[in-house]
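As they're listed, the protein sequences go chains A and B. Under the numbering used here, the residues of the first sequence are numbered 1 to 288, in order. Under the numbering used here, the residues of the second sequence are numbered 1001 to 1339, in order.
These aren't lab readings, by the way, just hints derived from the structure by calculation. Not one of these hints is a red herring.
For the chain A half of the interface with chain B, some residues (derived, Cβ under 8 Å), not all of them:
no. : residue
1   : V26
2   : M29
3   : R33
4   : I36
5   : R37
6   : R40
7   : F107
8   : R109
9   : E110
10  : A114
11  : P115
12  : V116
Taking lysine to aspartate or glutamate and the EDC-like style, the derived pairs with C-alpha atoms no more than 16 Å apart in a straight line are:
no. : chain 1 : residue 1 : chain 2 : residue 2
13  : B       : K1064     : B       : D1176
14  : B       : K1244     : B       : E1283
15  : B       : K1089     : A       : E23
16  : B       : K1064     : B       : D1037
17  : B       : K1089     : A       : D22
18  : B       : K1025     : B       : D1040
We put the CB at the ideal spot given by N, CA and C, even for glycine.
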Amino acid sequence: MTTLSGAQPTTGVDTPDTLLSDEIRVAGMVWERELIRYTRNRTRIVSGLMQPVLFLFVLGYGMSGLVGTTGGFNFRQFVFPGVVAMSVVMTAIFSAISIVWDREFGFLREMLVAPVSRTALVLGKTAGGASVAAVQGTIMLVLAPLVGVHLTPLLVVEVIGLELLMAVAMTAFGVFVASRIQRMEAFQVVMQMLLMPMLFLSGALFPLNGLPAWLAVITRINPLTYAVDPLRRVVFAAQNMSPAARARFPTGITMFGHTLPITVELALVVVFALAFFVLAIWGLSRTE
Amino acid sequence: MTDLTLEGIELRKQDTGPPAIDVRKLTKRYGDLAAVDGVDFSVAQGEVFAFLGPNGAGKSTTIKMLCTLAHPTSGGARVAGFDVVSRAKAVRRHIGLVFQEQTLDDQLTAEENLRFHAVLYGVPHDQVGPRITRVMDLVALSDRRKDLVSTYSGGMARRLEIARGMLHTPKVLFLDEPTIGLDPQTRALMWEDVLRLRDEEGVTIFLTTHYMDEAEFADRIAIIDHGSIIALDSPSALKASVGKDTVALETTDDTTALDSLLSAGYTAERTEGGLTVFVADEEAAVGPIVAAVGVPVRTVRAHRPTLDDVFLHFTGREIREQHGEAIPMMARAHGARRS
Chain A
1 MTTLSGAQPT TGVDTPDTLL SDEIRVAGMV WERELIRYTR NRTRIVSGLM
51 QPVLFLFVLG YGMSGLVGTT GGFNFRQFVF PGVVAMSVVM TAIFSAISIV
101 WDREFGFLRE MLVAPVSRTA LVLGKTAGGA SVAAVQGTIM LVLAPLVGVH
151 LTPLLVVEVI GLELLMAVAM TAFGVFVASR IQRMEAFQVV MQMLLMPMLF
201 LSGALFPLNG LPAWLAVITR INPLTYAVDP LRRVVFAAQN MSPAARARFP
251 TGITMFGHTL PITVELALVV VFALAFFVLA IWGLSRTE
Chain B
1001 MTDLTLEGIE LRKQDTGPPA IDVRKLTKRY GDLAAVDGVD FSVAQGEVFA
1051 FLGPNGAGKS TTIKMLCTLA HPTSGGARVA GFDVVSRAKA VRRHIGLVFQ
1101 EQTLDDQLTA EENLRFHAVL YGVPHDQVGP RITRVMDLVA LSDRRKDLVS
1151 TYSGGMARRL EIARGMLHTP KVLFLDEPTI GLDPQTRALM WEDVLRLRDE
1201 EGVTIFLTTH YMDEAEFADR IAIIDHGSII ALDSPSALKA SVGKDTVALE
1251 TTDDTTALDS LLSAGYTAER TEGGLTVFVA DEEAAVGPIV AAVGVPVRTV
1301 RAHRPTLDDV FLHFTGREIR EQHGEAIPMM ARAHGARRS
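So here's chain B without its partners, still in its complex pose (with noise of 0.2 Å):
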C-alpha cells in the first residue's frame, strides 16, 4: 500500500490551490441513527473523486450536505472555498448539481432550459448565449439545441443536465447516481462527456454510484459504508490492496507446464484443475505465457482484481467484524448484481 498511497500524494501535488472540496469530521444524524459519522476527506482542484457504496450507506446524504441542502449535526465541510453551513449561497452559486431525477422542463427547448439556468446562477448577459454553445458542443448536443426537451431520449435529457450544471462554470460539479437507468452505451457516452469536462474546463468531479465499472473513470475512490469512510484510494491501488494478477491455465500435462513455468522464472502453483499464474499485469502476460509452458494449452482465463472484489473485501471485513458471518452475503449478493 506505501507506493500506491504515494501515488495519491503525488496526485494531489499537482494542484495548486487550496482543495476543492475539504471535509472534517462531517456528521448528519438522525435521531439515534448516524447516516454519516465524522467523515473526513479532502478532493483536489480537477480531480474526478467518486463516492461508492451501497443504497442507505449515506453518499446521499453527504452529497446533500456538501450542496448546503441538507445542515451537518456536526463537524464541516468547505466546498470551492467556502463553508457548507455559513455560506450556502455562495457555494450554490460555484457548485453545478445533477440528481438522480430528471429536473428539467420537457415542454422548452434544450437552450430555454440552459438559458433559464444561466439567469438562476446569475451568468453574465454577454456570456450566455456562447456558454450555451460551449457546453452543449461538450456533450455533442448541439445540434439539438432548438429542439423540445420532450423530444430527447432519456440518455440525451441526461447529458443535457450534466450541460446544463456546467454552464454557470462551477467550481464542482455534483452528480448523484448520474447513469442510474442509462444503457451501457449511453453510459460511457456519458462518461466521455464527464472526463472532457474535467479536461477542458477543469472543474472537480464529485459523485456518487454503486456502478463497480463506472468507479474506474475516478482519480480516487471513497467505499462509504455505514457512514463512514472504509478505503479511501486510487481505483488500480484499491486494486493492488486485495491481490494481484492472475492467469489460470488448464493444459493437457500441468505437470510438464508448472516445470516450465517455473524454470522460465514465473510464479505459479498447482490449483484445482490448473495452474494458476501470478503476474503484474494479465493482459500483457497471457501471451508468454502461453509460450513458455511448452504444452498444448485447452484453457486460459486471465483475471485482474476488480472493483467488485474490492468492494467484497472491504465492505465483506467490515461487515463480518461487527455482525457475525451472515451478512458478508448480502454484500456478495450487492456486489455481484452489476457484474
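With the rest of the complex left out, here is chain A (with noise of 0.2 Å):
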C-alpha cells in the first residue's frame, strides 16, 4: 500500500487530453443524474402535472362552452396536443433551470472544474431535461380518452418522437438561459418574461390563423410555434375529424400566404435546437 501512486514518478506518464469515450461516458453520467433526481422527486412530477391538467379541463370545459361542439370535436380535443405540449416545454424548461440550482448548491462546480469538456456537459443536461420533458409529456396521454382524443399505437409514437424534438430544443434553450442567471430570484423573473409568453403565443392554446397582424408576427418567430403545430397535426390527423370540425379547428401555420409543410415546421425546430444548444455551450463556457 506504501508504493502507491506516491512513489512513481510523476512525469513522463502522458495520456491525451480528451477521449470521445470518456467524454460520451460523461454525457451518459450527467443524463442519468437528471433521471435520478426526476424520479426521486414525486412532488415535481405530480405539481409538473398539475398545470398542464388545469388547462385541459378547467379551461377546457370553460372554453367548450363558448367555443361549441363541432361536427362532434370541441375545445378540450383542441387544446389537448397543446396542453402536452406545455407539459413537455414546462417540464424541459425546470430540468435545464436546475443549472441555477446546481451553481447555488455548488454541484454546478463539480462539473466545471473537471476535466471534460463543456459539450458533454451540455449534450448531457440537453438529453437529461429532454428525457424527463418526454416522459412527462407522455404521461399525459393517458388522459387523452377522457377528452375523447383517440390514441393509436402509430400516434403515441410519433407524439413521442415529436415531444423530444421539442424538449431538447426547449432544454437546450433552458440551459443556455440558466447558464446565464446567477441567482435564483432571476428565475421567477425569466419564466414570467419568457416562458408565458412563449406557451401563449405558441398556438397551444388557441388557433394562430386569422390572428392580427402583429400578434401573428410575434407567433411566428416564437421557436415554440414550429414545434407544437407538428404534434398537433399528428394528433388531429389520427382523429375521424368532418371536414366541418377540420375548418373550425385548423392547423398549419400560414407564412406569407403559404402554409408551411410539416417537414419545414421540424427543420426549423431541429435549426433553433442546434442554435441553442451552440448558445449554451457558450453560456456555460463564460462561467468559472
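Using the hints, put the two chains back together into the complex; each one sits in its own frame.
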C-alpha cells in the first residue's frame, strides 16, 4: 500500500487530454443524474402535471361552452396537443433551470472543474432534460380518452418523437438561459417574462390563423410555434374529424400566404435546437 | 535554524522522483495589486504541506493557480509533473479538489455522488466499484454509502468530499480551508482521515488554513502574508525559531527555589511574580523541576511556543517594517482569535 501513486515518477506519463469515449460516458452520467433526480422527486412529477391538467379540464370545459361543438369535435380535443406540449416545455425548462440550483449549491463547480468538455456536460444535461420532459408529456397521454382524443400505437410513437425534439430544443434553450443566470431570484422573472409568453403565443391554447398582424408576427418568431403545430397535426390526423370540424379547428402555420409543410416546421425546430445547443455551450464556457 | 533546515532537506531526500508541486516565481496581479507576488516553493511527493495566512494573504489565489482555475500573470508551476498553463487538463486529471464550499448533490446518495465523480475523472469501469468502497472505508462512511447526502451532517459531507477528491487516485489533493465551519471533534476526525490518506495512498496533500492548531499536522508550513512567503519550515522548526519551551513557577520561597534549580543545572531566572525555567521539552521537564526546587510549589505553567507565536513573530515583524506600529495589533488580534 505504501508504493502507490506517491512513489511513482509523476512525469512522462502523458495520456491524451480528451478521449471521445470518455466524453460520451460523461454525457451519459449527467443524463443519468437528471433521471435519478426526476424519479426521486415525486412532488415535482405531480406538480408538473397539475398545471397542464388545469388547462386541459378547467380551461377546456370553460372554453367549450363558448366555442361549442362542431361535428362532434370540441375545444378540449383541440387544446389537448397544446397541453401536452405545455407539459413538455415546462418540464424541459424546469430541468434546465436546475443549473441555477446547481450553481447555488456548488455542484456546478464540481462539474465545471472536471477535466471534461462543456459540450459533454451540455449534451448530457440536454439529453437528461429532454428525456424527463418527454416522459412527463407522455404521461399526459393517459388523459386523452377522458377528453375524447383517440390514440393509436402509431400516434403514440409519433407524439413521443415530436415531444423529444421539442424537449431537446427547449432544454437547450433553458440551459442557455440558466447559464447566464447567477441568482435564484432571477429564475421567477425569467419564467414570467419568457416561458409564459412563449407558451401563450405558440398556438398551444388557440389557433394562430386569423390573428391581428402584430400578434401573428410575434407567434411566427416564437420557436415554440413550430414545435406545437406538428404535434397538433399528427394528433388531428389520427382523429375522425368531419370537414366542418377541420375548418373550425385548423392546423398548419401560414407564412406569406403559404401553409408551411410539416417538414419545414420540424427543420426549423432542429435549427433552433442546434442554435440553442451551441449558445448553451458558449454560456456555460463563460462561467468559472 | 541550521539543524532544522537540515531536517527539511532530509525529509525531501526520503522521496524519490520529482516534486509533486514545483512553483517558480508564481505571480498573480489584479491591476496594481499583487495578490501573489513571486512565490517559490516545492512540495515533495507524499508530503503534507500547509499554506497558513490571514484572509486575503494570497492563499486562495495560489491554490486556484495550482488547480488551473486561474492563470498566473507571470512565473509558473508544475503540478504532478504537468505545467499548470499548457497542460491544464492533465493537471486537473491528476489532482483532487476539496473547496471551501460544499459541492455535493444532496439529492443523490453518497455512492451516486462518487460514481458521478468517477465518470467525470475517467476512472475505468472496472475500478469504479472497488475505488468507491476503498475511499468510503478511508473516511469511515461505508455504512452510510447508500444514504442521501441530504441526511449527512456538515462534517460527514466534508469527509465525503475528501473521499471524492481521492476517488480518481490523484497525485496531489488540494484542500482549501477544509475544516472551516466544523466543530473541533469533526476537525480532529477529518485530520485522521487526511493523514490516513497520505499514509495509505501516498498522496501529496496541499492545504490552506488559518487555523494555527491545524497546521501542526503538516510536515511543512509556508506562512504567507501580502502575497509573499515569509517563513517556510517544519512546525517544530518554526516554533523553535521563536524561542524555547519554558516552565513558569510560583513557590513559597522563590530565592531558595532559584538557587536549587541553578545548582541542579537548570537555566532559570527570576521574573515578575515567580521563576522561569528554560527547557528543551516542557512536558517532560515539569516533574523533575518541581522535585528539584525543594520548596512547596504554588503554581506551575508550562509553555511551548505555538504556531500562534510563530505567526505573530513573522507577520508582526514583516508588517512593522513596512507600516509602523499600528498594524501588529491587528496581526495579534487575528492570531489570538483561534487560540
